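Number of protein chains: 2
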Amino acid sequence: MSFQGIEEAFNRISNVVNKTAVMTSRTLNSLLNAKIYFKCENFQRVGAFKFRGAYNALSLLSKEAKKRGVITHSSGNHAQAVALAASILGIKATIVMPKGAPTNKIKATKDYGAQIVFCDNSLEARSQITEKLIEKYNYKLIHPYDDNDIICGQGTAAYELIKEIGELNIVIAPLGGGGLLSGTALAAKGLCPEVQIFGVEPSMADDAYRSIQAGYIIESTYPETIADGLRTSLCERTFTIIQKFVDQIVTVSEKEIINAMRFLWERMKIIIEPSGSVSLAALLSNKINTKNMKVGIILSGGNIDIAPFFQLLEKRVVQS
Amino acid sequence: MSFQGIEEAFNRISNVVNKTAVMTSRTLNSLLNAKIYFKCENFQRVGAFKFRGAYNALSLLSKEAKKRGVITHSSGNHAQAVALAASILGIKATIVMPKGAPTNKIKATKDYGAQIVFCDNSLEARSQITEKLIEKYNYKLIHPYDDNDIICGQGTAAYELIKEIGELNIVIAPLGGGGLLSGTALAAKGLCPEVQIFGVEPSMADDAYRSIQAGYIIESTYPETIADGLRTSLCERTFTIIQKFVDQIVTVSEKEIINAMRFLWERMKIIIEPSGSVSLAALLSNKINTKNMKVGIILSGGNIDIAPFFQLLEKRVVQS
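Chains as they are written, first to last, in the numbering used here: chain A, 1 to 320; chain B, 1 to 320.
Rather than coming from a laboratory, the hints here were simulated on the basis of the structure. Values in this document were obtained by computation on a predicted structure and should not be read as measured data. Hints are not guaranteed to be accurate.
Cβ-Cβ distance ranges computed for the label pairs, FRET-style [to be verified]:
1) A:S87 with B:L60: 46 to 56 Å
2) B:K163 with A:G166: 25 to 35 Å
3) B:M293 with A:S253: 47 to 57 Å
4) A:P102 with B:K67: 53 to 63 Å
5) B:T24 with A:Q115: 37 to 47 Å
6) A:R267 with B:L60: 28 to 38 Å
7) B:L60 with A:P223: 54 to 64 Å
Listed next, the in silico EDC-like pairs over lysine to aspartate or glutamate satisfying Cα-Cα at most 20 Å (straight line) [claimed, not checked]:
8) A:K110 with B:E266
9) B:K315 with A:E266
10) B:K140 with B:E124
Chain B regions said to be covered by chain A (calculated; three or more residues, Cβ under 8 Å) [claimed, not checked]:
11) 41–50
12) 251–260
13) 307–316
Virtual Cβ for every residue (Gly too), placed ideally from N, Cα, C.
Make a model of the complete structure from these sequences and hints.
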């Protein structure tokens with residue numbers, strides 16, 4: 001794992017991933033007396049940075065592995081990312097999903113041409129079915145973050161951001177399993193060695209914060225934070241990178257996450273999901289000192305179920 | 001009124017307005033077999049194109065008029081646009097608003113430093129109070145669309161779009177009072193004479209469609225369409241420009257507006273208000289043939305009350 005891996009990933013995938021927009025907010029900059037640059041990965045294909053890692057990892061498979069196909073267990077953005085990357089590369093993808101997964105996510109994954117296998121709603125059930133299928137068909141497991149090629153792919157978002165904006169004093173990314181944060185840290189420290197890297201996680205899912213304090217991995221107990229993308233635990237690979245390259249881990253409350261998300265929707269007019277809003281939550285609640293600094297923030301994704309809002313709207317129209 | 005007015009407006013205001021992003025959607029382009037370019041005026045200052053016209057018009061006031069101050073009656077995006085433009089130019093602004101105006105709009109207008117005068121909720125009450133204040137203080141009335149400088153300012157959105165993307169076959173804009181559509185038509189036909197211009201209005205507020213058919217202005221009866229920015233009537237000035245430069249007026253249902261808005265939120269991850277969604281509504285309901293064409297769409301703004309959605313979210317968090 002090195003900066004070179006990020007550069008290679010960037011060269012490998014940059015014709016297929018979206019070069020996402022970098023946005024700023026006058027209001028926020030004057031509020032914080034800082035220059036904040038948002039890397040808008042909600043505009044990435046499948047609506048989240050996950051496509052970067054998935055496409056990088058799948059591109060690097062051997063010809064034989066590509067023929068046999070890939071598998072992953074996820075009900076979130078990683079599933080859709082693997083499904084789309086596989087479809088582009090002509091690889092068969094199997095996604096193991098819990099029976100209760102949201103129908104819009106099931107549909108999106110199917111639409112990308114992946115085969116879905118349902119399992120009971122427990123981590124064990126998922127792993128068991130996945131292992132069985134791997135044994136039977138020799139599929140390659142694409143782990144959402146315990147994989148160097150995934151991590152290098154995720155790092156290309158920060159790489160693009162710094163290449164576009166220039167040197168930054170601080171870079172902030174959400175922290176769940178640690179794939180995005182690891183890639184971000186490697187990319188940013190490679191391009192500007194003096195940069196400070198912050199990871200942000202929900203207080204309700206502060207397993208990484210406690211792990212770094214303890215010096216060993218403390219597993220997450222699948223907490224019910226609204227930031228559903230950040231419920232997962234670190235693995236040895238991401239733990240080691242974060243220990244070495246991340247300067248500080250900050251936690252934010254559910255209320256702070258929602259407030260930050262609302263700022264992004266109302267003031268910046270972009271749809272960001274709760275997991276993508278934690279970095280701004282840390283800034284708005286003054287947990288990171290950014291005064292007079294140039295700050296990069298990875299807005300990791302925009303996949304949130306907006307059906308309830310549109311049901312309210314439609315009711316209004318029908319009534320009128 | 002001429003193309004030259006648009007170019008001059010562009011040169012006058014381009015250092016102060018946001019050069020808003022142009023976005024595309026792979027899904028939409030493949031669905032329609034066309035190239036659709038969205039000019040994202042939801043990212044404009046105050047969240048809508050209205051700032052372009054307001055800033056242009058206020059810049060052009062005489063020194064004396066600037067000293068006396070400006071006035072307008074509006075509870076929508078034009079009010080906020082005038083308030084911000086006035087604040088930047090150091091002009092006193094008075095906004096006449098109905099008592100029942102949404103509190104978030106009142107607050108935003110106040111935050112820009114404008115003085116708000118409340119009136120009863122009828123068009124007559126508004127006009128009466130406005131005229132009284134003009135008589136007393138000699139304020140300059142800034143009409144939301146019956147004003148050449150406003151129209152030229154609004155046209156700079158299409159001007160920027162075509163300067164960035166190159167020649168287009170079709171340009172589509174929402175149609176309420178006709179200021180944006182008039183400016184858009186002048187700008188687009190000035191830059192590419194062969195372009196076809198479409199205006200889109202809600203079926204529930206089809207006064208412009210009927211006016212063009214009839215050959216004279218038929219007043220809108222302030223209809224309750226969800227596209228609240230498009231409830232106003234044409235004036236002679238915009239009627240004449242639209243007659244001359246707009247190729248066709250298309251109407252869309254409330255349901256079609258909501259579907260288009262949902263596409264923009266869910267697939268493109270941007271917040272667009274109902275009035276801004278009508279152009280896409282016309283495309284998604286196959287009312288404009290765009291096959292194999294390059295099409296520009298003005299997404300006019302993103303100011304919609306999202307409080308109900310966040311109330312739902314907060315309830316979810318409190319319950320968990």
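Quick rundown of the hints versus the structure:
no. : hint                           : result
1   : A:S87 with B:L60: 46 to 56 Å   : holds, 54 Å
2   : B:K163 with A:G166: 25 to 35 Å : holds, 26 Å
3   : B:M293 with A:S253: 47 to 57 Å : holds, 50 Å
4   : A:P102 with B:K67: 53 to 63 Å  : holds, 59 Å
5   : B:T24 with A:Q115: 37 to 47 Å  : violated, 30 Å
6   : A:R267 with B:L60: 28 to 38 Å  : holds, 29 Å
7   : B:L60 with A:P223: 54 to 64 Å  : holds, 58 Å
8   : A:K110 with B:E266             : holds, 17 Å
9   : B:K315 with A:E266             : holds, 19 Å
10  : B:K140 with B:E124             : holds, 19 Å
11  : 41–50                          : holds (count 4)
12  : 251–260                        : holds (count 3)
13  : 307–316                        : holds (count 7)
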